[in-house]
Amino acid sequence: MSRPVRTLASRMVVLALAQMALLAIAALIIWYFTVPHHHHHHGPEHEMAMVPPEMSTPPRDHHGPEHEATVVPHEFGPWLTFGVGAVLLAIGSVITARWIVRPIDRLSRSARALGAGDLGVRTRLDRTDEIGELGRRFDEMAEQIERMIANERELLANVAHELRTPLSRIGVALDLAGEGDSKRARASLGEIAVDVAELEVIVNDILMALRYDTSRGATMPLRKQPTPPETIVTAAAERMRSRHPERKLDVAIASELPVIDVDPVLFRRVIDNLLDNAHKYTPDTEAAIVLAARPVKGGVEFEVADRGIGIATAELPNVYNPFFRAERSRARETGGVGLGLTLAKRIVEAHGGTIDITSAAGKGTQVRVAITTGPSD
1 MSRPVRTLAS RMVVLALAQM ALLAIAALII WYFTVPHHHH HHGPEHEMAM
51 VPPEMSTPPR DHHGPEHEAT VVPHEFGPWL TFGVGAVLLA IGSVITARWI
101 VRPIDRLSRS ARALGAGDLG VRTRLDRTDE IGELGRRFDE MAEQIERMIA
151 NERELLANVA HELRTPLSRI GVALDLAGEG DSKRARASLG EIAVDVAELE
201 VIVNDILMAL RYDTSRGATM PLRKQPTPPE TIVTAAAERM RSRHPERKLD
251 VAIASELPVI DVDPVLFRRV IDNLLDNAHK YTPDTEAAIV LAARPVKGGV
301 EFEVADRGIG IATAELPNVY NPFFRAERSR ARETGGVGLG LTLAKRIVEA
351 HGGTIDITSA AGKGTQVRVA ITTGPSD
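The sequence shown runs 1 to 377 under my numbering.
Because the hints were derived from the structure by calculation, they are not lab data. You can trust all of the hints, since none of them are fake.
Taking lysine-lysine pairs in the DSBU-like style, the calculated list, with each CA pair at most 35 Å apart, reads:
(1) Lys183 with Lys280
(2) Lys345 with Lys248
(3) Lys345 with Lys363
(4) Lys363 with Lys248
(5) Lys224 with Lys280
(6) Lys248 with Lys297
(7) Lys248 with Lys224
(8) Lys183 with Lys248
(9) Lys345 with Lys280
Let the hints inform the model, and build the full structure from the sequences given.
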(Lines of atoms letter the chains of each structure in order from A; the text may use other names.)
(Lines give C-alpha, C1' and ligand atoms only; values in the text may rest on other atoms or scores of the structure.)
Protein backbone atom coordinates (compact mmCIF):
# COMPACT_ATOMS: atom_id res chain seq x y z
CA MET A 1 0.00 0.00 0.00
CA SER A 2 1.54 3.31 -1.08
CA ARG A 3 1.99 6.09 1.41
CA PRO A 4 0.17 9.40 0.83
CA VAL A 5 2.33 12.11 -0.66
CA ARG A 6 2.74 15.20 1.50
CA THR A 7 4.41 18.39 0.39
CA LEU A 8 6.92 20.21 2.55
CA ALA A 9 4.64 23.25 2.62
CA SER A 10 1.72 21.24 4.01
CA ARG A 11 3.95 19.79 6.71
CA MET A 12 5.10 23.29 7.68
CA VAL A 13 1.48 24.43 7.87
CA VAL A 14 0.64 21.47 10.12
CA LEU A 15 3.57 22.33 12.41
CA ALA A 16 2.49 25.98 12.55
CA LEU A 17 -1.10 25.01 13.37
CA ALA A 18 0.14 22.69 16.11
CA GLN A 19 2.17 25.52 17.65
CA MET A 20 -0.83 27.85 17.46
CA ALA A 21 -2.99 25.24 19.15
CA LEU A 22 -0.45 24.87 21.96
CA LEU A 23 -0.34 28.65 22.37
CA ALA A 24 -4.13 28.81 22.56
CA ILE A 25 -4.25 26.06 25.18
CA ALA A 26 -1.52 27.79 27.19
CA ALA A 27 -3.39 31.11 27.00
CA LEU A 28 -6.62 29.51 28.26
CA ILE A 29 -4.84 27.85 31.16
CA ILE A 30 -3.09 31.08 32.12
CA TRP A 31 -6.36 33.00 31.86
CA TYR A 32 -8.11 30.47 34.08
CA PHE A 33 -5.56 30.82 36.86
CA THR A 34 -4.93 34.57 36.65
CA VAL A 35 -8.38 36.16 36.27
CA PRO A 36 -9.64 36.96 39.86
CA HIS A 37 -13.36 36.39 39.30
CA HIS A 38 -13.18 32.93 37.80
CA HIS A 39 -14.33 31.33 41.14
CA HIS A 40 -17.60 33.33 41.32
CA HIS A 41 -20.62 31.58 39.91
CA HIS A 42 -23.20 34.08 41.28
CA GLY A 43 -23.09 37.82 41.77
CA PRO A 44 -23.88 39.69 45.04
CA GLU A 45 -27.36 40.52 43.88
CA HIS A 46 -28.23 36.86 43.47
CA GLU A 47 -26.92 35.99 46.92
CA MET A 48 -28.99 38.75 48.56
CA ALA A 49 -32.14 37.59 46.77
CA MET A 50 -31.76 34.06 48.11
CA VAL A 51 -31.22 35.03 51.79
CA PRO A 52 -33.87 36.71 53.96
CA PRO A 53 -33.11 40.32 54.90
CA GLU A 54 -32.95 39.61 58.62
CA MET A 55 -30.38 36.86 58.07
CA SER A 56 -28.33 38.73 55.60
CA THR A 57 -24.84 39.78 56.46
CA PRO A 58 -22.71 42.42 54.86
CA PRO A 59 -21.08 41.17 51.73
CA ARG A 60 -17.63 39.86 52.19
CA ASP A 61 -14.87 41.90 50.77
CA HIS A 62 -13.60 39.91 47.82
CA HIS A 63 -10.51 42.02 47.69
CA GLY A 64 -9.44 41.16 51.20
CA PRO A 65 -6.05 39.95 52.20
CA GLU A 66 -7.06 36.27 52.09
CA HIS A 67 -8.22 36.49 48.49
CA GLU A 68 -5.22 38.48 47.38
CA ALA A 69 -2.94 35.80 48.82
CA THR A 70 -4.47 33.05 46.67
CA VAL A 71 -5.06 34.88 43.38
CA VAL A 72 -2.37 35.99 40.99
CA PRO A 73 -2.79 39.63 39.96
CA HIS A 74 -4.44 39.79 36.56
CA GLU A 75 -1.83 42.28 35.33
CA PHE A 76 0.72 39.43 35.34
CA GLY A 77 -1.37 37.34 32.87
CA PRO A 78 -0.24 38.98 29.59
CA TRP A 79 3.42 38.78 30.59
CA LEU A 80 3.07 35.13 31.53
CA THR A 81 1.28 34.41 28.23
CA PHE A 82 4.04 36.17 26.34
CA GLY A 83 6.75 34.21 28.14
CA VAL A 84 5.09 30.83 27.64
CA GLY A 85 4.38 31.68 24.00
CA ALA A 86 8.01 32.62 23.42
CA VAL A 87 9.19 29.34 24.96
CA LEU A 88 6.75 27.30 22.86
CA LEU A 89 7.74 29.12 19.68
CA ALA A 90 11.43 28.59 20.45
CA ILE A 91 10.89 24.86 21.04
CA GLY A 92 8.80 24.60 17.87
CA SER A 93 11.43 26.45 15.86
CA VAL A 94 14.17 24.13 17.08
CA ILE A 95 12.10 21.04 16.28
CA THR A 96 11.20 22.40 12.83
CA ALA A 97 14.78 23.36 12.07
CA ARG A 98 16.09 19.93 13.09
CA TRP A 99 13.31 18.23 11.12
CA ILE A 100 14.38 20.10 7.97
CA VAL A 101 18.14 20.35 8.51
CA ARG A 102 18.86 16.73 9.47
CA PRO A 103 17.83 15.19 6.10
CA ILE A 104 19.59 18.02 4.25
CA ASP A 105 22.72 17.29 6.28
CA ARG A 106 22.41 13.60 5.36
CA LEU A 107 22.12 14.57 1.70
CA SER A 108 25.18 16.79 2.01
CA ARG A 109 27.25 14.05 3.67
CA SER A 110 26.15 11.53 1.04
CA ALA A 111 27.10 13.94 -1.76
CA ARG A 112 30.55 14.46 -0.23
CA ALA A 113 31.04 10.71 0.13
CA LEU A 114 29.98 10.12 -3.49
CA GLY A 115 32.36 12.84 -4.66
CA ALA A 116 35.15 11.19 -2.67
CA GLY A 117 34.61 7.92 -4.55
CA ASP A 118 32.23 5.99 -2.28
CA LEU A 119 29.90 4.68 -4.99
CA GLY A 120 27.87 2.62 -2.54
CA VAL A 121 26.64 5.58 -0.49
CA ARG A 122 22.85 6.09 -0.36
CA THR A 123 20.68 8.55 1.60
CA ARG A 124 17.75 6.13 2.13
CA LEU A 125 15.48 8.97 3.25
CA ASP A 126 12.06 7.59 4.18
CA ARG A 127 9.95 10.68 3.58
CA THR A 128 7.00 11.50 1.32
CA ASP A 129 7.70 15.20 0.76
CA GLU A 130 10.05 17.10 -1.56
CA ILE A 131 13.10 16.32 0.59
CA GLY A 132 12.28 12.61 0.39
CA GLU A 133 11.88 12.89 -3.38
CA LEU A 134 15.25 14.63 -3.59
CA GLY A 135 16.80 11.80 -1.59
CA ARG A 136 15.31 9.18 -3.90
CA ARG A 137 16.59 11.04 -6.95
CA PHE A 138 20.04 11.19 -5.40
CA ASP A 139 20.01 7.45 -4.73
CA GLU A 140 18.92 6.76 -8.31
CA MET A 141 21.72 8.99 -9.60
CA ALA A 142 24.26 7.20 -7.39
CA GLU A 143 23.07 3.82 -8.70
CA GLN A 144 23.37 5.02 -12.30
CA ILE A 145 26.89 6.35 -11.69
CA GLU A 146 27.91 3.09 -10.03
CA ARG A 147 26.45 1.11 -12.93
CA MET A 148 28.15 3.33 -15.53
CA ILE A 149 31.54 2.98 -13.89
CA ALA A 150 31.06 -0.78 -13.57
CA ASN A 151 30.20 -0.91 -17.28
CA GLU A 152 33.29 1.11 -18.15
CA ARG A 153 35.47 -1.23 -16.12
CA GLU A 154 33.85 -4.20 -17.82
CA LEU A 155 34.44 -2.57 -21.19
CA LEU A 156 38.13 -2.03 -20.42
CA ALA A 157 38.48 -5.65 -19.29
CA ASN A 158 36.74 -6.99 -22.41
CA VAL A 159 38.66 -4.75 -24.81
CA ALA A 160 41.95 -5.67 -23.13
CA HIS A 161 41.11 -9.36 -23.57
CA GLU A 162 40.06 -8.92 -27.19
CA LEU A 163 43.26 -7.04 -27.98
CA ARG A 164 45.58 -9.48 -26.24
CA THR A 165 45.08 -12.47 -28.55
CA PRO A 166 45.53 -10.76 -31.95
CA LEU A 167 48.41 -8.68 -30.69
CA SER A 168 50.12 -11.82 -29.43
CA ARG A 169 49.63 -13.53 -32.81
CA ILE A 170 50.95 -10.49 -34.66
CA GLY A 171 53.97 -10.46 -32.35
CA VAL A 172 54.63 -14.17 -33.00
CA ALA A 173 54.37 -13.62 -36.77
CA LEU A 174 56.81 -10.71 -36.59
CA ASP A 175 59.25 -12.79 -34.55
CA LEU A 176 59.06 -15.62 -37.09
CA ALA A 177 59.57 -13.21 -39.97
CA GLY A 178 62.51 -11.69 -38.16
CA GLU A 179 64.06 -15.15 -37.79
CA GLY A 180 63.76 -15.71 -41.51
CA ASP A 181 60.96 -18.30 -41.29
CA SER A 182 58.77 -16.56 -43.85
CA LYS A 183 56.73 -19.68 -44.57
CA ARG A 184 55.41 -19.96 -41.01
CA ALA A 185 54.94 -16.21 -40.88
CA ARG A 186 52.75 -16.29 -43.99
CA ALA A 187 50.76 -19.17 -42.51
CA SER A 188 49.82 -16.93 -39.60
CA LEU A 189 48.58 -14.12 -41.82
CA GLY A 190 45.18 -15.75 -42.33
CA GLU A 191 44.48 -15.90 -38.58
CA ILE A 192 45.80 -12.36 -38.14
CA ALA A 193 43.44 -11.10 -40.85
CA VAL A 194 40.47 -12.70 -39.05
CA ASP A 195 41.54 -11.19 -35.72
CA VAL A 196 42.00 -7.73 -37.22
CA ALA A 197 38.54 -7.91 -38.82
CA GLU A 198 37.02 -8.87 -35.46
CA LEU A 199 38.81 -5.98 -33.76
CA GLU A 200 37.48 -3.64 -36.41
CA VAL A 201 33.95 -4.82 -35.63
CA ILE A 202 34.51 -4.23 -31.91
CA VAL A 203 35.85 -0.72 -32.46
CA ASN A 204 32.96 0.11 -34.79
CA ASP A 205 30.46 -1.19 -32.21
CA ILE A 206 31.95 1.01 -29.50
CA LEU A 207 31.96 4.08 -31.73
CA MET A 208 28.38 3.44 -32.87
CA ALA A 209 27.19 2.91 -29.30
CA LEU A 210 28.66 6.25 -28.27
CA ARG A 211 27.45 8.04 -31.38
CA TYR A 212 23.90 6.70 -31.19
CA ASP A 213 23.41 6.97 -27.43
CA THR A 214 19.94 8.50 -27.59
CA SER A 215 19.73 8.60 -23.77
CA ARG A 216 22.25 11.47 -23.88
CA GLY A 217 20.30 13.48 -26.41
CA ALA A 218 21.94 12.10 -29.54
CA THR A 219 19.84 11.51 -32.64
CA MET A 220 20.45 8.64 -35.00
CA PRO A 221 20.81 9.77 -38.63
CA LEU A 222 18.70 7.47 -40.81
CA ARG A 223 18.88 7.24 -44.58
CA LYS A 224 15.56 5.58 -45.15
CA GLN A 225 14.42 4.12 -48.40
CA PRO A 226 11.78 1.58 -49.43
CA THR A 227 13.43 -1.80 -48.93
CA PRO A 228 12.08 -5.32 -49.56
CA PRO A 229 12.55 -7.44 -46.38
CA GLU A 230 13.80 -10.29 -48.57
CA THR A 231 16.85 -8.20 -49.49
CA ILE A 232 17.83 -7.72 -45.84
CA VAL A 233 17.31 -11.38 -44.94
CA THR A 234 19.21 -12.67 -47.96
CA ALA A 235 22.20 -10.37 -47.42
CA ALA A 236 22.39 -11.25 -43.72
CA ALA A 237 22.18 -14.98 -44.49
CA GLU A 238 24.98 -14.75 -47.06
CA ARG A 239 27.24 -12.92 -44.63
CA MET A 240 26.53 -15.49 -41.91
CA ARG A 241 27.31 -18.43 -44.19
CA SER A 242 30.52 -16.87 -45.48
CA ARG A 243 31.84 -16.11 -42.00
CA HIS A 244 30.69 -19.37 -40.39
CA PRO A 245 30.39 -22.02 -43.09
CA GLU A 246 30.24 -24.79 -40.49
CA ARG A 247 27.06 -23.37 -38.98
CA LYS A 248 23.71 -24.66 -40.19
CA LEU A 249 21.36 -21.78 -41.00
CA ASP A 250 17.69 -22.22 -41.91
CA VAL A 251 16.10 -19.28 -43.71
CA ALA A 252 12.32 -18.92 -43.94
CA ILE A 253 10.96 -15.96 -45.92
CA ALA A 254 7.19 -15.65 -46.27
CA SER A 255 5.78 -14.76 -49.64
CA GLU A 256 4.37 -11.32 -50.49
CA LEU A 257 6.07 -9.36 -47.74
CA PRO A 258 5.29 -5.64 -47.74
CA VAL A 259 8.07 -3.17 -48.48
CA ILE A 260 9.42 -1.42 -45.36
CA ASP A 261 10.82 2.10 -45.10
CA VAL A 262 14.17 1.66 -43.30
CA ASP A 263 17.83 2.50 -43.46
CA PRO A 264 18.99 -0.71 -45.17
CA VAL A 265 22.57 -0.53 -43.89
CA LEU A 266 21.67 0.04 -40.24
CA PHE A 267 18.75 -2.38 -40.28
CA ARG A 268 20.97 -5.05 -41.84
CA ARG A 269 23.32 -4.40 -38.93
CA VAL A 270 20.54 -5.39 -36.53
CA ILE A 271 20.02 -8.77 -38.18
CA ASP A 272 23.79 -9.33 -38.46
CA ASN A 273 24.24 -8.69 -34.72
CA LEU A 274 21.41 -11.05 -33.82
CA LEU A 275 22.89 -13.80 -36.01
CA ASP A 276 26.36 -13.25 -34.50
CA ASN A 277 24.94 -13.57 -30.98
CA ALA A 278 23.05 -16.72 -31.93
CA HIS A 279 26.26 -18.25 -33.32
CA LYS A 280 28.40 -17.25 -30.32
CA TYR A 281 26.00 -18.67 -27.75
CA THR A 282 25.21 -21.91 -29.59
CA PRO A 283 28.34 -24.03 -29.09
CA ASP A 284 26.92 -27.02 -31.00
CA THR A 285 27.50 -26.17 -34.66
CA GLU A 286 25.03 -28.90 -35.66
CA ALA A 287 22.24 -26.98 -33.92
CA ALA A 288 20.60 -24.91 -36.63
CA ILE A 289 19.91 -21.20 -36.32
CA VAL A 290 16.64 -20.02 -37.83
CA LEU A 291 16.29 -16.69 -39.64
CA ALA A 292 12.71 -15.88 -40.60
CA ALA A 293 10.67 -12.98 -41.96
CA ARG A 294 6.89 -12.98 -41.87
CA PRO A 295 4.08 -10.45 -42.28
CA VAL A 296 2.32 -9.22 -39.17
CA LYS A 297 -0.47 -6.76 -38.65
CA GLY A 298 0.79 -3.39 -39.87
CA GLY A 299 4.26 -4.49 -40.84
CA VAL A 300 6.91 -7.20 -40.94
CA GLU A 301 8.46 -9.32 -38.20
CA PHE A 302 12.00 -10.67 -38.36
CA GLU A 303 13.00 -13.54 -36.07
CA VAL A 304 16.34 -15.08 -35.14
CA ALA A 305 16.05 -18.27 -33.07
CA ASP A 306 18.69 -20.61 -31.73
CA ARG A 307 18.95 -23.62 -29.46
CA GLY A 308 21.98 -22.44 -27.55
CA ILE A 309 22.77 -21.84 -23.90
CA GLY A 310 20.00 -19.25 -23.54
CA ILE A 311 19.72 -16.41 -21.05
CA ALA A 312 18.67 -16.75 -17.41
CA THR A 313 15.33 -15.12 -16.59
CA ALA A 314 16.95 -12.86 -14.00
CA GLU A 315 19.35 -11.48 -16.63
CA LEU A 316 16.78 -10.70 -19.33
CA PRO A 317 16.04 -7.14 -18.10
CA ASN A 318 19.75 -6.29 -18.44
CA VAL A 319 20.52 -7.64 -21.91
CA TYR A 320 20.07 -4.24 -23.57
CA ASN A 321 22.44 -2.46 -21.17
CA PRO A 322 25.73 -1.41 -22.77
CA PHE A 323 28.60 -3.84 -22.15
CA PHE A 324 26.37 -6.34 -20.34
CA ARG A 325 27.51 -9.91 -20.88
CA ALA A 326 25.28 -12.87 -20.06
CA GLU A 327 27.09 -16.09 -19.21
CA ARG A 328 30.24 -14.27 -18.13
CA SER A 329 32.03 -17.56 -17.60
CA ARG A 330 31.84 -18.06 -21.39
CA ALA A 331 32.62 -14.45 -22.25
CA ARG A 332 36.27 -15.11 -22.94
CA GLU A 333 35.39 -17.87 -25.39
CA THR A 334 32.70 -15.99 -27.31
CA GLY A 335 34.46 -12.63 -27.58
CA GLY A 336 32.85 -9.24 -28.05
CA VAL A 337 32.17 -6.49 -25.54
CA GLY A 338 28.41 -6.78 -25.10
CA LEU A 339 27.14 -4.07 -27.45
CA GLY A 340 25.26 -6.12 -30.06
CA LEU A 341 21.81 -6.01 -28.44
CA THR A 342 22.34 -2.43 -27.26
CA LEU A 343 22.90 -1.26 -30.83
CA ALA A 344 20.10 -3.44 -32.16
CA LYS A 345 17.58 -1.94 -29.75
CA ARG A 346 18.64 1.64 -30.48
CA ILE A 347 18.48 1.13 -34.25
CA VAL A 348 15.09 -0.62 -34.11
CA GLU A 349 13.55 2.03 -31.86
CA ALA A 350 14.95 4.80 -34.08
CA HIS A 351 12.91 3.19 -36.88
CA GLY A 352 9.79 3.16 -34.71
CA GLY A 353 9.92 -0.62 -34.30
CA THR A 354 10.06 -2.99 -31.36
CA ILE A 355 12.42 -5.76 -30.29
CA ASP A 356 11.45 -8.60 -27.98
CA ILE A 357 13.51 -11.44 -26.50
CA THR A 358 12.25 -14.78 -25.22
CA SER A 359 14.84 -17.02 -23.61
CA ALA A 360 15.53 -19.56 -20.91
CA ALA A 361 18.79 -21.00 -19.65
CA GLY A 362 19.69 -24.11 -21.62
CA LYS A 363 16.72 -23.81 -24.00
CA GLY A 364 17.84 -21.23 -26.52
CA THR A 365 16.81 -17.70 -27.43
CA GLN A 366 14.25 -16.17 -29.79
CA VAL A 367 14.56 -12.53 -30.80
CA ARG A 368 11.71 -10.86 -32.72
CA VAL A 369 12.02 -7.48 -34.43
CA ALA A 370 8.81 -5.85 -35.66
CA ILE A 371 8.79 -2.89 -38.01
CA THR A 372 5.74 -1.09 -39.33
CA THR A 373 5.20 -0.36 -43.01
CA GLY A 374 3.90 3.15 -42.33
CA PRO A 375 5.91 6.30 -41.58
CA SER A 376 7.94 6.12 -38.35
CA ASP A 377 9.41 9.60 -38.12
